[in-house]
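Each protein sequence line maps, in turn, to chains H and F.
The number in my numbering is simply the position in the first sequence, starting from 1, with 6 added.
The number in my numbering is simply the position in the second sequence, starting from 1, with 6 added.
These are computed hints drawn from the structure, not numbers from a lab.
Just so we're clear, the structure is a prediction, and the values are computed from it rather than from any experiment.
Any given hint might turn out to be false.
If chains are identical, the list can't say which one is meant, so a pair holds when it fits in one copy or spans any two.
Derived lysine-lysine pairs resembling DSS-like cross-links, with alpha carbons at most 30 Å apart [said to hold, decoys possible]:
id : residue 1 : residue 2
1  : K135      : K107
2  : K29       : K104
3  : K102      : K138
4  : K21       : K55
5  : K61       : K40
6  : K135      : K40
7  : K154      : K104
8  : K29       : K55
9  : K138      : K29
10 : K55       : K175
11 : K29       : K61
12 : K154      : K167
13 : K40       : K154
14 : K21       : K40
15 : K55       : K135
16 : K40       : K107
17 : K154      : K168
18 : K61       : K135
19 : K21       : K104
20 : K102      : K40
21 : K40       : K55
22 : K40       : K175
23 : K29       : K40
24 : K107      : K175
25 : K61       : K21
26 : K29       : K102
27 : K104      : K40
28 : K55       : K102
2 protein chains.
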Amino acid sequence: MNRPQYIERMIEIIKRMPGVGPKMAERLSYHILKMSENEVGSLVDSILKARHIIKSCSICYNLSEHDPCSICTDSARDCSIICVVETPQDLIAISKVKDYKGLYFVLGGVLSPLDAVCPDDIRIDNLIKRLKSDNINEVIIATDTDSKGEMTAVYLAELIKKIGIIDIKVTRIGYGLPVGGDIEYADEVTISRAIAGRREM
Amino acid sequence: MNRPQYIERMIEIIKRMPGVGPKMAERLSYHILKMSENEVGSLVDSILKARHIIKSCSICYNLSEHDPCSICTDSARDCSIICVVETPQDLIAISKVKDYKGLYFVLGGVLSPLDAVCPDDIRIDNLIKRLKSDNINEVIIATDTDSKGEMTAVYLAELIKKIGIIDIKVTRIGYGLPVGGDIEYADEVTISRAIAGRREM
Chain H
7 MNRPQYIERM IEIIKRMPGV GPKMAERLSY HILKMSENEV GSLVDSILKA
57 RHIIKSCSIC YNLSEHDPCS ICTDSARDCS IICVVETPQD LIAISKVKDY
107 KGLYFVLGGV LSPLDAVCPD DIRIDNLIKR LKSDNINEVI IATDTDSKGE
157 MTAVYLAELI KKIGIIDIKV TRIGYGLPVG GDIEYADEVT ISRAIAGRRE
207 M
Chain F
7 MNRPQYIERM IEIIKRMPGV GPKMAERLSY HILKMSENEV GSLVDSILKA
57 RHIIKSCSIC YNLSEHDPCS ICTDSARDCS IICVVETPQD LIAISKVKDY
107 KGLYFVLGGV LSPLDAVCPD DIRIDNLIKR LKSDNINEVI IATDTDSKGE
157 MTAVYLAELI KKIGIIDIKV TRIGYGLPVG GDIEYADEVT ISRAIAGRRE
207 M
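So that you can see chain H by itself, here it is in the shape it has in the complex:
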């Protein structure tokens, strides 16, 4: 017997999500079929509501219910320092550490020639514009410490120097993080040490 096509279709769609293999997609689909009306309602509603309400902050590109987001409008923060991260998840991970009081900028990815991700595909232009217009003293580059993150950090540091914004100090998040690691999964103490140990590039 073939699986009913409506189950098959749900499995097909769920299978495309990151980190979900065919067996996992099957398991999730059958679980959804066994959930109560109420639970399925909550699941679908939470997806649609989040999609409808969450927007990208027009200053830092963080995901937020408001634009600008609560970090960009927080007057207690040090506006002269920007921490550049790959994703909104990385931003959340760093913001849990109380020692960093500056602002953020979400690149939305990293350079990756093999995947054909070039500077135009991530928000490098927007970052440069912001560095030129705002009164920034320091940019902490907190991309992941894997090869793509490193390459992007080096590219950004050179670009900032090249376009002549010479009064901005460009630093790289300190190697309290294990090399090859993923910021999103680091513990708070490690992130805290990495921020304290940042070095100029």
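The hints should help you fit chain F onto chain H, whose structure is shown.
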């Protein structure tokens, strides 16, 4: 910064699904936020459609678009033999093996005293009713070969003998399956061997 509540809610709901940890739920949620309108539409639509259209077959409790399902209405099948499985996924796994031509019965779980799953919580009554009314010669018990599946198989075999349906042969799926294994994840050759090597209980 705290995560926006609408993202948090989506993570909370996805986290409750089987095999999904907090980090995985976070990853899936952010992925959903990055998906196109079209993709999210397909995801939600596939969930709602599957929930709306898929029903439980009133004879074998398989999930199907029709009631009775295409297996129960297939006149080419041997109606005198029933294969008892735990879940619709197990049924699909066994039905992929072309050598079994009988019918099925989905128990909807296994006995598990520690989780307070007793005979009334799974479809043992419905199975007994079907054995009494239909003209069945053999019941193959194909619950998983882990401790709960074994216990359920023994319980069923004794129950069928006790209630005096003496002309029914009760067999257990053969141990081509590695003991402690999960039928859903077995390969077709192993399942085929296990069916061929079934033994009377």
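Evaluation of the provided hints:
Taking identical chains as interchangeable, the C-alpha atoms of K135 and K107 lie at most 30 Å apart only when both belong to the same chain, with a minimum of 22 Å there against 69 Å between chains. For the homomeric pair K29 and K104, the shortest alpha-carbon distance between copies (21 Å) is at most 30 Å, but the shortest distance inside one copy (40 Å) is not. Taking identical chains as interchangeable, the C-alpha atoms of K102 and K138 lie at most 30 Å apart only when both belong to the same chain, with a minimum of 28 Å there against 63 Å between chains. In this homomeric assembly, K21 and K55 come within 30 Å of each other (Cα to Cα) both inside a single copy, at 23 Å, and across copies, at 17 Å.
Taking the shortest alpha-carbon separations for K61 and K40, only the inter-copy value of 11 Å comes in at or below 30 Å, while the best intra-copy value is 32 Å. Only between protomers do K135 and K40 lie at most 30 Å apart by alpha-carbon distance; the minimum there is 24 Å, versus 51 Å within a single protomer. Proximity of K154 to K104 under the C-alpha cut-off of 30 Å is restricted to the intra-copy arrangement: shortest distance 27 Å within a copy versus 48 Å between copies. In the homo-oligomer, the alpha carbons of K29 and K55 lie at most 30 Å apart both inside one protomer (28 Å) and across protomers (21 Å), since each shortest distance falls under that limit.
In this assembly of identical chains, K138 and K29 lie within 30 Å of each other by CA distance neither inside one copy nor across copies; the values are 50 Å within and 36 Å between. Taking CA atoms no more than 30 Å apart as the test, K55 paired with K175 passes in neither setting, with 40 Å inside one copy and 55 Å between copies. Only between protomers do K29 and K61 lie at most 30 Å apart by alpha-carbon distance; the minimum there is 22 Å, versus 33 Å within a single protomer. Only within a single protomer do K154 and K167 lie at most 30 Å apart by alpha-carbon distance; the minimum there is 20 Å, versus 66 Å between protomers.
For the identical chains of this complex, K40 and K154 are inter-copy neighbours only, at 21 Å across copies versus 41 Å inside a copy, given an alpha-carbon limit of 30 Å. Both within a single protomer and between protomers do K21 and K40 lie at most 30 Å apart by alpha-carbon distance, with minima of 18 Å and 16 Å respectively. Proximity of K55 and K135 under a CA criterion of 30 Å is satisfied in neither setting, with 32 Å inside one chain copy and 46 Å between copies. For the identical chains of this complex, K40 and K107 are inter-copy neighbours only, at 27 Å across copies versus 46 Å inside a copy, given an alpha-carbon limit of 30 Å.
Taking identical chains as interchangeable, the C-alpha atoms of K154 and K168 lie at most 30 Å apart only when both belong to the same chain, with a minimum of 21 Å there against 67 Å between chains. In this assembly of identical chains, K61 and K135 lie within 30 Å of each other by CA distance solely inside one copy; the values are 21 Å within and 56 Å between copies. In this homomeric assembly, K21 and K104 come within 30 Å of each other (Cα to Cα) only across copies, at 26 Å, whereas the closest approach inside a single copy is 37 Å. In the homo-oligomer, the alpha carbons of K102 and K40 lie at most 30 Å apart only across protomers (23 Å), although the nearest pairing inside one protomer, at 36 Å, exceeds that limit.
In this homomeric assembly, K40 and K55 come within 30 Å of each other (Cα to Cα) both inside a single copy, at 23 Å, and across copies, at 14 Å. In this assembly of identical chains, K40 and K175 lie within 30 Å of each other by CA distance neither inside one copy nor across copies; the values are 56 Å within and 32 Å between. For the homomeric pair K29 and K40, the shortest alpha-carbon distances inside one copy (17 Å) and between copies (24 Å) are both at most 30 Å. For a Cα distance limit of 30 Å, the shortest separation of K107 from K175 inside one copy, 17 Å, qualifies, whereas the shortest one across copies, 74 Å, does not.
For the identical chains of this complex, K61 and K21 are neighbours both inside a copy (26 Å) and across copies (22 Å), given an alpha-carbon limit of 30 Å. In this assembly of identical chains, the alpha carbons of K29 and K102 lie at most 30 Å apart only when taken from different copies (15 Å versus 34 Å within one copy). Only between protomers do K104 and K40 lie at most 30 Å apart by alpha-carbon distance; the minimum there is 28 Å, versus 42 Å within a single protomer. Only within a single protomer do K55 and K102 lie at most 30 Å apart by alpha-carbon distance; the minimum there is 25 Å, versus 40 Å between protomers.
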